[in-house]
Amino acid sequence: MSRYITRQRMRRIYRWNGEPVGEDRKLKRLYHESMTISVDGRTENATVSLGQYILIEGDYDDNPFVAQLLKLYYDDSGKKKTALVQWFVRMCEIPQNKRKLLGRDSHPQEIFYYRDRSCDNEVDAETILSAVQIEYVPPEAPFPEGKSKDILFVKLLWDTKAFRALSSEILQPPLSPKSPPSSSRGPPARVLPTPDLTVMKRAMSVPLTRGSMSTGKISLEAESLHSASKLSAAKALSAKRRSRATSGPHVRKKLDLCSLSKNMTRDDVLEEILDEPKGTGKTLTSKLNTSPTGRISISIRLTPLNEPISPAAQENDGESKLQPLGEPPLGTDRTPRKREATPRKASLRGQTTRTPSRRKDSTALKEPTLAALAEEDHEDSPVLTAATPRSKRKSAQVVSSRIRKQLNLLGNKGDLQSDGEDDDDDCFVPAKIDLQSSSDEEAEANIDSEDELVVKRRRGSWTPRSTEKTRTSARTPRKTPSKKTAPATPRTPRTPRHATPSIPSRSAPARKPGNVLEEARARLHVSSVPESLPCREQEFQDIYNFVESKVIDGTGGCMYISGVPGTGKTATVHEVIRSLHQASEQDEIPQFRFIEINGMKMTDPHQAYVQILQKLTDQKATPDHAAALLEKRFSAPAPKKETTVLLVDELDLLWTRKQNVMYNLFDWPTRRNARLVVLTIANTMDLPERIMINRVASRLGLTRMSFQPYTFKQLQQIITSRLNRLKAFEEDALQLVSRKVAALSGDARRCLDICRRATEICEHSAGLQKGSGLVGMSHVMETLDEMFSSSYVTAIRCASLQEQLFLRAVIAEFRRLGLEEATFQQVFVQHQALCRVEGLQPASVSEGLAVCQRLGSCRLLLLEGSRLDLLLRIRLNVSQDDVLYALKAD
Amino acid sequence: MTSKRNSTAFTDAQCVSLAQKILRERLCHQRLPEQPLGLESQYRHLLELLRRTAVHGESNSVLIVGPRGAGKTMLLGCVLRELMNLKEVQKNVLQVELNGLLQTDDKIALKEITRQLHLENVVGDKVFGSFAENLAFLLEALKSGDKSRSRPVLFILDEFDLFAHHKNQTLLYNLLDVSQSAQAPVAVVGLTCRLDVLELLEKRVKSRFSHRQIHLLNPLSFTQYVEAVGSQLSLPQDFQHPKFRDEWNRSVTKLCEDKSVEEILRRQFNSSKDFRSLYTLLFLAVIRVSPSHSTLRESDLLEASRLISADSKANILHGLSVLELCLIIAMKHLNDTYDGEPFNFQMVHNEFTKFIQRKSHTIHKFEKPVVMKAFEHLVELEMVRAVDSAASKVQREYQLMRLMLEHGQVMEALQKYPQCPTDVKQWALSAFA
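Residue numbers (numbering that gives the first Met the number 0), protein chains in the order written: chain A, 0 to 889; chain B, 0 to 432.
No wet-lab data here; the hints were simulated from the structure. Note that the Cβ used here is the ideal one computed from N, Cα and C, for glycine as well. Where hints are given, some of them may not hold.
As the list claims (entries may be wrong) - Short, incomplete list of chain B residues facing chain A, as computed with Cβ under 10 Å:
1. Val92
2. Ser270
3. Glu405
To be verified - Stretch-level coverage of chain A by chain B, calculated; a stretch enters the list once three of its residues show a Cβ under 8 Å from a Cβ in chain B:
4. 552 to 565
5. 792 to 803
6. 855 to 867
Said to hold, decoys possible - Looking from chain B toward chain A, a few residues come up when the C-beta cut is under 7 Å (computed):
7. Pro32
8. Gly56
9. Lys90
10. Leu134
11. Gly144
12. Arg150
13. Tyr172
14. Gln179
15. Ala181
16. Asp195
17. His214
18. Pro218
19. Asn269
20. Ser308
21. Asp310
22. Met403
Take the sequences, apply the hints, and build the full model.
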């Protein structure tokens with residue numbers, strides 16, 4: 000370790016290789032293909048390029064983070080180099096309590112493809128240490144033996160909850176699959192090769208390798224076919240994406256070029272070449288001559304394991320062949336076509352193409368593993384060291400010889416270093432910690448930017464990490480709060496925040512619905528989440544488009560959604576988020592994070608800050624402090640930042656006199672680096688005009704949407720879709736319910752509740768006599784009566800005689816006065832007169848008051864405080880007609 | 000012989016006190032009846048609803064609405080008793096009882112909920128954390144549950160309407176929101192006597208309420224009422240002295256058929272159908288039973304009824320001096336003359352002196368300060384009340400006052416006033432008498 004530290008103390012310099020390949024004007028980003036990392040005092044530089052696997056500074060230097068490089072760009076606004084990556088986790092980064100989910104001991108060199116939406120996948124490019132080799136191992140296959148310790152194996156996927164099988168497709172490198180020779184070193188001499196040439200070469204090289212590896216030509220052909228079909232599909236996809244995606248122009252260009260070439264597999268080559276113009280010359284050469292650096296051929300042949308597996312894999316899928324167990328270095332060759340399919344997002348599969356270099360090849364400089372790098376490079380960039388095999392001794396033996404060759408290329412130093420590190424499971428040396436500790440300038444910059452908000456991954460100390468994770472629960476493991484923050488928010492001893500609160504679980508399991516009506520009731524319960532929300536397609540689409548565009552652009556924005564209660568506002572937004580999550584899972588859009596707060600679920604508007612902060616970073620803070628932290632987070636540029644989608648429900652309750660809560664909520668999205676999308680929900684359409692001061696309303700903007708109350712047809716459709724062909728209601732009954740509700744409020748909740756109650760009544764009446772078993776008109780009528788008929792009339796009918804007389808007296812007095820209000824004294828006189836008329840003994844004043852109070856407590860009468868005694872003023876809370884009607888019917 | 004008589008006498012007294020004890024307990028403790036009387040359908044509805052929550056984990060909300068004394072709590076008690084007898088429910092349900100009169104704001108209510116649920120931030124009886132933390136904590140707890148796994152929680156909100164007055168109705172919103180979303184199963188049962196309770200709810204809170212209301216409006220008929228009286232007064236079968244019991248029960252049956260008793264009960268029934276007031280009446284009657292007359296008699300009921308229906312102000316009037324009574328009569332005349340307009344002391348004094356000069360033979364001619372003192376006493380008794388209590392700048396004699404007595408009350412008090420001078424009585428009848 001100490002070795003690394005010293006190494007990392009050195010200053011690293013990052014340079015782009017060549018001209019930017021794309022530009023996003025909106026975001027002011029310049030996209031690059033590769034980057035050179037040079038270290039003070041070294042003559043050799045390392046190069047990393049898209050699709051390559053890289054090591055990123057971690058909290059501890061012996062276990063740097065592993066990732067695949069998806070995008071490199073220069074953010075003009077932030078004046079810094081940024082990289083988009085797909086993360087991998089090591090076993091030690093997985094929470095301790097989850098580790099046993101694996102069900103076996105993990106291989107020391109094993110890493111897991113990491114799938115967690117909430118993890119920020121944007122890092123400061125200057126935290127990249129070097130490239131590394133990763134190899135895909137099919138889930139059922141054993142780990143290859145005798146491999147270099149620098150090679151990491153990917154077998155499974157970790158989605159923060161469980162280990163899942165990882166299909167090789169996912170692993171494919173996104174963009175630059177092909178170029179096998181990872182490291183072309185030296186400054187990128189960019190030569191524009193004629194596409195044809197390169198294609199040819201590629202094509203040649205690929206078949207060769209394959210043939211050598213496994214079965215032979217036949218399989219190869221099959222593969223190519225397969226891949227071709229895939230490619231076309233993939234292309235369509237990628238084209239779609241590109242149109243949306245920021246990095247449009249150059250990608251498109253590639254596509255066009257690709258289409259020219261007949262052979263699909265070659266397209267990849269083309270793309271690569273185009274993308275990475277600089278390296279091309281070199282890659283070509285390397286491919287052609289099986290130079291030591293050109294690993295493709297070498298690696299393939301070397302691994303004995305591959306051969307059995309690879310053919311099968313090839314047959315299955317073009318993709319699977321790419322990652323035969325055995326072949327450590329090479330995966331690159333095979334992977335190429337897939338990558339093409341997935342332009343840049345493809346980070347996922349990047350692993351298989353363990354040649355991080357693909358992209359890089361062209362850029363050439365970086366590829367550490369590939370041996371192209373000089374020893375010095377190694378030293379500078381931890382990546383190289385990582386590449387050196389050591390940890391896996393047992394497995395590595397067989398392959399070791401071959402690896403040695405590569406290593407030789409790298410030089411002695413690399414070996415030495417790697418040897419030293421054998422103790423640790425992880426072969427890679429992370430630069431990160433060192434950087435931090437060593438007060439590397441860059442690192443510092445990082446730290447600052449990340450500061451409180453962005454949580455850093457901590458690699459070394461497993462135990463602490465795991466505890467933290469458990470606390471955060473579903474959070475991404477990487478998001479463990481940074482060290483700095485931790486002290487800033489000391490845990491208040493009184494709040495048991497680590498205790499996950501829960502209602503005790505029941506001792507006997509809940510019973511499942513037993514018959515049709517019970518089933519219907521379960522489905523009609525408001526809480527049961529339907530698969531889709533009928534009748535809100537338009538709104539869904541609008542919100543979806545809004546959020547999606549913001550997420551893709553990495554910008555921010557506000558939207559105001561209004562509508563009366565029960566019209567599906569919150570449900571629609573949740574639905575949108577759900578589909579967006581799905582989309583981001585499938586990599587169609589960047590990952591984002593969803594946070595929800597509800598004005599009703601907090602005790603004070605300022606608690607909004609606390610809740611947002613807590614959900615973002617799991618920190619606790621006082622409202623003021625939280626506001627400051629959030630302010631900082633949203634205004635400071637930070638690496639690895641993903642878009643945050645914030646849903647603010649019941650917005651009107653966040654109103655304060657100075658309106659600063661609302662102001663902030665709407666102001667943050669306008670910040671350049673905020674990447675915050677705010678969706679607000681409230682009941683009234685004119686809320687912005689009514690309660691917001693100008694500067695707040697102006698920031699909220701004019702993106703508004705109002706949810707109309709459901710019409711009866713929609714309500715009917717909602718019920719029908721929920722019942723989902725379960726026959727429990729008569730058509731007429733449904734129509735009656737929906738018409739009634741539509742006429743009253745258009746509140747879907749009401750509608751569902753009525754239906755639910757109707758099933759109960761039906762069930763009960765069915766118990767008494769044989770009915771059709773369906774909920775019919777009569778049941779619905781009864782329900783409607785029960786829920787909507789005013790109970791006043793019944794209450795008056797059931798009142799005692801004196802109470803009824805008193806009501807009469809009130810009306811008589813009102814008529815006499817011509818007013819709608821009278822004092823108790825006046826009414827009491829009438830009351831006594833009425834008593835006499837009715838032949839009852841007149842009540843005393845005390846009794847009269849008691850009667851009056853009883854009516855008041857039911858709110859048939861509205862009364863003043865009883866202290867006023869005789870002077871108490873009385874008003875009717877029911878219409879006089881109702882009272883007379885109720886009394887007459889007697 | 001004597002000893003034998005003594006022993007029987009002794010047992011008589013013993014029996015009476017035993018019977019009284021049983022009846023007092025029955026009338027005051029308000030035990031849950033075996034079966035709620037006349038509320039079968041509501042009972043079934045509520046039981047079914049809560050059973051579904053307990054067994055199926057279905058969230059529900061319901062309001063039980065009815066005037067005071069209609070048996071809301073009793074109904075709920077009966078339902079819960081039956082519910083808890085079910086085996087699969089017994090250990091499975093958590094209950095949280097809140098009362099709007101005790102938990103006067105959400106902060107207190109939350110603490111109480113957390114305490115009753117024994118959540119983690121409770122140590123002993125103390126709940127830790129600020130209001131905001133508690134809320135977040137509780138919501139988190141409820142959210143972490145799910146329909147099939149967590150224990151159902153029954154929230155019983157007595158005086159539900161008072162919760163609606165809490166700030167923002169935060170508690171109600173959250174409870175009802177939980178009941179309408181896929182979180183821990185809850186049943187929210189509200190008890191209230193306000194018929195318009197739904198109008199108190201904010202619209203978003205209202206939308207989340209299921210609108211199930213169970214109305215308890217006792218449509219009792221008078222016969223049922225009398226039957227209830229009979230059953231309440233009868234001694235149980237397992238009473239130690241069968242002879243005494245039979246005798247007592249026979250007398251009760253007879254009592255219920257008695258005309259005057261029926262009249263008393265009818266009067267009570269007319270005034271209120273609520274059982275609680277009936278129990279008060281019966282209680283007063285029962286405690287009048289003594290060894291000297293060991294059965295319940297009609298006169299006992301009559302006396303009890305008189306006590307209950309007595310007018311409180313008339314009672315005060317009986318304790319006034321003649322001078323004070325005269326002042327009240329003067330005020331009554333002023334009210335008649337000026338049609339209820341307020342008056343001041345000077346006017347009352349004038350009226351009083353007129354009476355003295357014209358008629359009085361029996362009443363002294365009191366000095367003005369003495370009359371003033373009597374007047375102030377009346378003010379203290381709140382027989383008279385200042386129209387505007389704040390206006391202290393006005394001299395006391397000229398402060399406007401109102402009489403807080405009804406015409407009839409004054410006349411009735413005069414009838415019953417012991418040794419009331421005849422000329423005063425006549426004066427009361429007519430201003431010019």
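Okay, the hints, checked on the actual structure:
1. With a cut of 10 Å, the hint placing Val92 of chain B at the interface with chain A holds, because the nearest CB-to-CB distance is about 9 Å.
2. Contact between Ser270 of chain B and chain A, as hinted, is supported at the beta carbon level, the nearest pair being about 5 Å apart and thus within 10 Å.
3. Satisfaction of the interface hint for Glu405 of chain B is found here, the shortest Cβ-Cβ separation to chain A being roughly 5 Å, below the 10 Å cut-off.
4. With 3 residues bearing a CB less than 8 Å from a CB of chain B, the stretch 552 to 565 of chain A meets the requirement of three and the coverage assertion stands.
5. A count of 9 residues in the stretch 792 to 803 of chain A with a Cβ less than 8 Å from any Cβ of chain B is obtained; the coverage claim is therefore met, three being the minimum.
6. Check result for the stretch 855 to 867 of chain A against chain B: holds, 4 residues qualifying (beta carbon to beta carbon below 8 Å, three or more required).
7. Contact between Pro32 of chain B and chain A, as hinted, is not supported at the beta carbon level, the nearest pair being about 20 Å apart and thus beyond 7 Å.
8. Because the smallest distance between the Cβ of Gly56 of chain B and any Cβ of chain A comes to about 4 Å, under 7 Å, the interface hint for this residue holds.
9. Because the closest C-beta pair between Lys90 of chain B and chain A is about 5 Å apart, less than 7 Å, the hint holds.
10. For Leu134 of chain B, the shortest C-beta to C-beta distance to chain A is roughly 6 Å, which falls under 7 Å, so the interface hint holds.
11. Because the closest C-beta pair between Gly144 of chain B and chain A is about 4 Å apart, less than 7 Å, the hint holds.
12. Here the hint on Arg150 of chain B is kept, as its CB sits about 4 Å from the closest CB of chain A, short of 7 Å.
13. For Tyr172 of chain B, the suggested interface contact is upheld, since its CB lies about 4 Å from the closest CB of chain A, less than 7 Å.
14. The beta carbon of Gln179 of chain B comes within 4 Å of a beta carbon in chain A, closer than 7 Å, and the hint placing it at the interface holds.
15. The beta carbon of Ala181 of chain B is positioned within 7 Å of a beta carbon in chain A (closest approach about 4 Å), and the interface hint is therefore held.
16. At a threshold of 7 Å, the smallest CB-CB gap from Asp195 of chain B to chain A is about 5 Å, leaving the interface hint in force.
17. At about 5 Å, the closest approach between the beta carbon of His214 of chain B and any beta carbon in chain A falls short of 7 Å, and the interface hint on this residue holds.
18. Nearest Cβ of chain A to the Cβ of Pro218 of chain B: about 5 Å, under the 7 Å cut. The hint holds.
19. With a cut of 7 Å, the hint placing Asn269 of chain B at the interface with chain A holds, because the nearest CB-to-CB distance is about 4 Å.
20. About 6 Å separates the beta-carbon of Ser308 of chain B from the nearest beta-carbon of chain A, less than 7 Å, and the hint is met.
21. Taking 7 Å as the C-beta cut-off, the interface hint given for Asp310 of chain B holds, the closest approach to chain A being about 4 Å.
22. The beta carbon of Met403 of chain B is positioned within 7 Å of a beta carbon in chain A (closest approach about 5 Å), and the interface hint is therefore held.
Checked against the numbered hints given earlier, the structure breaks only hint 7 and satisfies all the rest.
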